[in-house]
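K.L.:
Going down the list, the sequences are from chains P and U. All residue numbers for the first sequence refer to the numbering used here, where the first residue is 1 and numbers rise by one. All residue numbers for the second sequence refer to the numbering used here, where the first residue is 1 and numbers rise by one.
Bear in mind the hints are in silico, worked out from the structure with no lab data behind them. Honestly, I wouldn't trust all of these hints.
Each pair may be met inside one copy or between any two copies, as identical chains are not told apart.
[Unchecked claim] DSSO-like cross-link-like pairs, simulated, lysine-lysine; straight-line CA separation at most 30 Å:
{"id": "1", "residue 1": "20", "residue 2": "7"}
{"id": "2", "residue 1": "97", "residue 2": "7"}
{"id": "3", "residue 1": "97", "residue 2": "20"}
Number of protein chains: 2
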Amino acid sequence: MYGRTGKIIAQPGQRDALVKVLLRAAEALGEAEGCYLYVVGQVPDETDMIWITEVWRSAADHRASLDLEAIQALIRDGRPLIASMTESYEVIPVGGKGLP
Amino acid sequence: MYGRTGKIIAQPGQRDALVKVLLRAAEALGEAEGCYLYVVGQVPDETDMIWITEVWRSAADHRASLDLEAIQALIRDGRPLIASMTESYEVIPVGGKGLP
Numbered sequence: 001m002y003g004r005t006g007k008i009i010a011q012p013g014q015r016d017a018l019v020k021v022l023l024r025a026a027e028a029l030g031e032a033e034g035c036y037l038y039v040v041g042q043v044p045d046e047t048d049m050i051w052i053t054e055v056w057r058s059a060a061d062h063r064a065s066l067d068l069e070a071i072q073a074l075i076r077d078g079r080p081l082i083a084s085m086t087e088s089y090e091v092i093p094v095g096g097k098g099l100p
Numbered sequence: 001m002y003g004r005t006g007k008i009i010a011q012p013g014q015r016d017a018l019v020k021v022l023l024r025a026a027e028a029l030g031e032a033e034g035c036y037l038y039v040v041g042q043v044p045d046e047t048d049m050i051w052i053t054e055v056w057r058s059a060a061d062h063r064a065s066l067d068l069e070a071i072q073a074l075i076r077d078g079r080p081l082i083a084s085m086t087e088s089y090e091v092i093p094v095g096g097k098g099l100p
C-alpha cells in the first residue's frame, strides 16, 4: 500500500472553490485503478486550510492517476486556487480499519 | 464527520512494538460506534515515526471510544512506547472517496 497526507493552503477566500475541485477529483478517482481512499478535509479555525489523505494500492497506481485526462484537467483548474502546499508526507499504511 | 491526523514518534527501537499496539486498537475499534477509519502508517526513512489518520461519524463518537475498556488498556500499553506526539490536527472530512 502507498499513502500520502498533506496540507494545502488555498488563496484567500478560495478554499471552498478548491474543495469543490478536489471533490470532483475524488469522484474522477472512482474509476482510477487502485485508489482506496481520497479524503478531503477542512481544519477548524484555519479558514484557508485543506487536508488531503490518500491511500493507494501502490505508488505506481498513484503515479498513473496523475496522467488521467480528468485529473490533468482538475489539476489545471485547482492550481490557480492554491497558495502553497506547505507539508506533505508519504505515509505507508501498514493496516487498520477501513482499508481493503 | 470528525477526523484526526497526527504524527507519533516512538521511543528509539520501539516503533514496531507501538505499531502492534495501534493495530490492536484498530481491531478493538471495529466494535466502536461510528468509527469509519483508523489507518496506521509508517513514514519511509523516518524509523521512529508513525502516522495515524482517523475518521469518525462525530467528535462525540471519538470521545466515547476513549472510555472503552479495551482502548484504555491499549493506551496504557502504548504510552511507555511513545517519545512524543509532535503534530496532531483536527481535520473535518467534507467528502471524498472511501467514506460512508
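K.L.:
Which of the listed hints are not met by the structure?
P.N.:
Failing hints: none at all.
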